[in-house]
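A.B. asks: Using the sequences and the hints given, assemble the complete structure.
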Amino acid sequence: MKGSDVKIERVSKAFGDFKALKDVSMEIKKGEFFSLLGPSGCGKTTLLRIIAGFETPNDGAVTLDGTDVLPLPPNMRHTNTVFQNYALFPHLSVYENVAFPLRIKKAKGSIIRERVGDYLKLVELEAHARKKPSQLSGGQKQRVAIARALINEPSVLLLDEPLSALDAKLRQHMLIELDRIHDKIGITFIYVTHDQQEALSVSDRIAVMNQGDVLQIGTPHEIYESPASDFVARFIGETNLFEGKVLAVEKFNGAPAGADVSMAELEIPELGRIKVTTVDEIRPGQSVAFSVRPEKIVITTDKPATKRRDINLIEGIVDEPIYSGFQTKFYVRLSEQAVFKVIKQHAVYSDEGPDIVWKDSVYLSWSADDGYIVSVKES
Amino acid sequence: MKESPPKSARGRPNYGTRYAGPTALWFTLFFATPLVIIVLYSFLKKGLYGGVQPIWSLDAYRSLANPTFAAVALKTLATSVIATAITIALALPCGYFMARSRNQTFLLLLVIIPFWTNFLIRVYAWMAILGNNGFLNEVLHRLGFVKEYVQFLYNQEAVVLVLVYMYLPYAILPLFSTIDKFDFSLLEAARDLGATKLQSMTKVLIPNIKSGVFTAVLFTFIPIFGAYAVPLLVGGKDSYMLGNVIADQLTKTRNWPLASAISMMITVVTTAGVMVMMNLQKRDAQRLAEEKLSTGDAGGGEQ
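Protein chains in written order, with my numbering: chain A, 1 to 379; chain B, 1 to 303.
It is worth saying that the hints were derived from the structure and are not from the lab. It is possible that some hints are incorrect.
Derived CB-CB ranges, DEER-like [what the hints assert, rightly or not]:
#1 283/B <-> 118/A: 29 to 37 Å
#2 15/B <-> 114/A: 58 to 66 Å
#3 207/B <-> 108/A: 29 to 37 Å
#4 134/A <-> 267/B: 53 to 61 Å
#5 284/B <-> 108/A: 27 to 35 Å
Where a beta carbon is used, it is the ideal one built from N, C-alpha and C, also for glycine.
C.D. replies: What follows is the structure in structure tokens.
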């Protein structure tokens with residue numbers, strides 16, 4: 001396996017009074033596509049710059065395959081960076097930009113020609129070798145930056161919001177491209193982004209950060225389906241987040257054999273009594289934060305005919321339907337204060353029934369299994 | 001990229017000439033006319049007690065072939081090249097740190113402050129510092145480093161030192177303004193890609209601030225090449241520069257055509273220098289433009 005594992009142990013960094021990183025630890029495995037995800041100012045770029053060698057932490061350790069890299073200057077580390085603004089050398093052609101690391105190493109002319117050719121091919125830019133960066137489109141510049149960062153065969157590639165300057169369509173395309181390159185060369189990728197869609201779609205694992213803390217590390221599925229905190233639930237995807245009290249807890253019979261799942265009944269002021277399954281240990285009387293994703297909710301104008309005990313049903317009035325082609329998002333008003341988000345996918349063959357429009361009275365239903373207890377507040 | 005010359009846009013009257021009028025008049029009166037006079041004088045016969053006789057002659061240019069003048073000319077060139085090189089070498093780090101500093105305004109002020117004092121007064125200040133009874137000797141003597149006074153003044157080194165001091169701000173300012181526009185993340189990229197600190201400067205910073213270096217070289221080399229007061233005041237007999245020879249020819253030997261011919265020489269050398277450098281720049285720009293035109297054609301690996 002190529003690539004290095006990267007270990008970050010209790011790293012802290014402050015800029016004056018501002019604490020950019022507070023005692024951050026994580027282990028990134030060899031060859032992993034690992035994302036640092038969080039809003040701007042959460043410390044993700046600072047952490048990346050510490051790994052690259054542009055910043056020195058006030059405290060903590062960073063090791064690559066067990067070797068402490070903190071004493072090394074950036075040019076001595078086996079990491080290379082794709083910068084947010086690409087940072088291509090404007091005075092050099094595409095070819096010379098990619099050749100730069102080899103020229104610094106004083107590689108032989110024949111080796112340079114071969115390797116630069118290979119990497120320009122990898123990013124599909126052979127035809128643009130002689131152009132200057134100013135003659136390239138954003139996506140092409142991005143590819144040059146990637147080829148240039150890879151030509152030294154680093155064991156870790158650091159990507160600092162590499163797609164943020166591209167438009168939505170190109171971003172999708174480049175994301176697939178990055179995934180392809182990662183699969184092909186197999187080194188460790190550490191990808192910094194504030195865009196949860198990007199992180200979810202390409203990462204093997206994601207670290208969600210906020211205000212210098214790591215809130216959760218997990219696979220995209222874990223992060224999305226079982227967020228570890230209110231912040232993660234809100235930041236990743238859309239959610240309906242409410243607080244309530246546990247009324248009763250019983251063993252859930254619908255769970256796969258062996259799984260220790262319990263079914264809880266919650267009293268949530270805005271929703272009424274809600275059933276939810278959970279693997280957490282909870283006791284009646286505790287306060288909890290409850291979340292359910294908008295796309296897990298079925299919205300109907302007629303009352304759904306089901307006798308299942310684990311289906312939650314609430315009523316509301318459509319406040320605002322937002323149609324976006326493949327789906328419609330409804331803001332459903334439950335009461336003066338409470339609004340519920342529902343996303344309805346437009347499938348091809350399903351009988352969608354009558355259109356749901358503004359001011360319609362609707363029923364919202366979801367399975368207890370699709371709700372999620374985000375956190376338990378000690379009572 | 002240089003802007004194209006202003007053109008009258010779609011039939012609208014072009015007021016350009018009218019606006020440029022006063023400047024044109026000023027330059028004709030005080031720049032072009034004296035230059036023409038010098039050109040004319042250099043081709044005339046010298047008058048007995050200064051001035052010229054209205055007789056065409058190439059005498060002045062023949063005397064230029066005189067080995068003494070050739071020696072002074074070479075010496076002047078050498079002094080100018082050395083002083084310019086030192087000035088740029090000092091101005092580059094200055095401009096760099098000013099551009100990266102948070103106190104840019106304050107530092108700019110420091111660079112500009114010397115201009116508040118008259119040029120000659122600053123030369124005399126250096127004489128007060130370097131003189132045999134000057135400040136520097138006093139300090140060295142008091143500290144016990146020297147017994148006798150050290151001769152700092154009236155030699156080639158003193159001339160270079162004071163010239164560098166005089167023209168340093170002229171080099172710092174254009175370098176600062178170019179480096180200020182430089183994208184410093186490129187240096188991080190260079191370091192990331194394996195370059196040492198020095199390599200990131202020579203291979204990324206310098207090539208991207210070429211225009212600033214070019215301006216700085218012009219702003220220092222041209223005035224230094226025509227220097228007169230500095231070598232006169234702090235130099236010895238051996239540090240005479242062309243400017244001093246011209247003055248001597250005008251005031252002492254009273255050979256005005258020869259003084260004019262030497263002036264012409266300075267003008268020609270500096271103009272030639274400027275044109276060579278401008279051509280290099282233009283070729284750079286042209287190459288870029290051609291590369292722009294030939295976009296899309298199969299590139300392949302080029303060296």
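A.B. asks: All the hints need checking, so say for each whether the structure fits it.
C.D. replies: Going down the list of hints, with the structure as the test:
1. Taking the beta carbon of each, residue 283/B and residue 118/A are about 32 Å apart, inside 29 to 37 Å as hinted.
2. Distance hint for residue 15/B and residue 114/A: a CB-CB separation of about 60 Å, consistent with the stated range 58 to 66 Å.
3. In this structure, residue 207/B and residue 108/A break the distance hint of 29 to 37 Å, their C-beta atoms being roughly 23 Å apart.
4. For the pair residue 134/A and residue 267/B, the beta carbons lie near 38 Å from each other, so the given range of 53 to 61 Å is not met.
5. Take residue 284/B and residue 108/A: their Cβ atoms lie about 28 Å apart, and the range 27 to 35 Å holds.
Going through the hint list in order, the structure does not satisfy hints 3 and 4.
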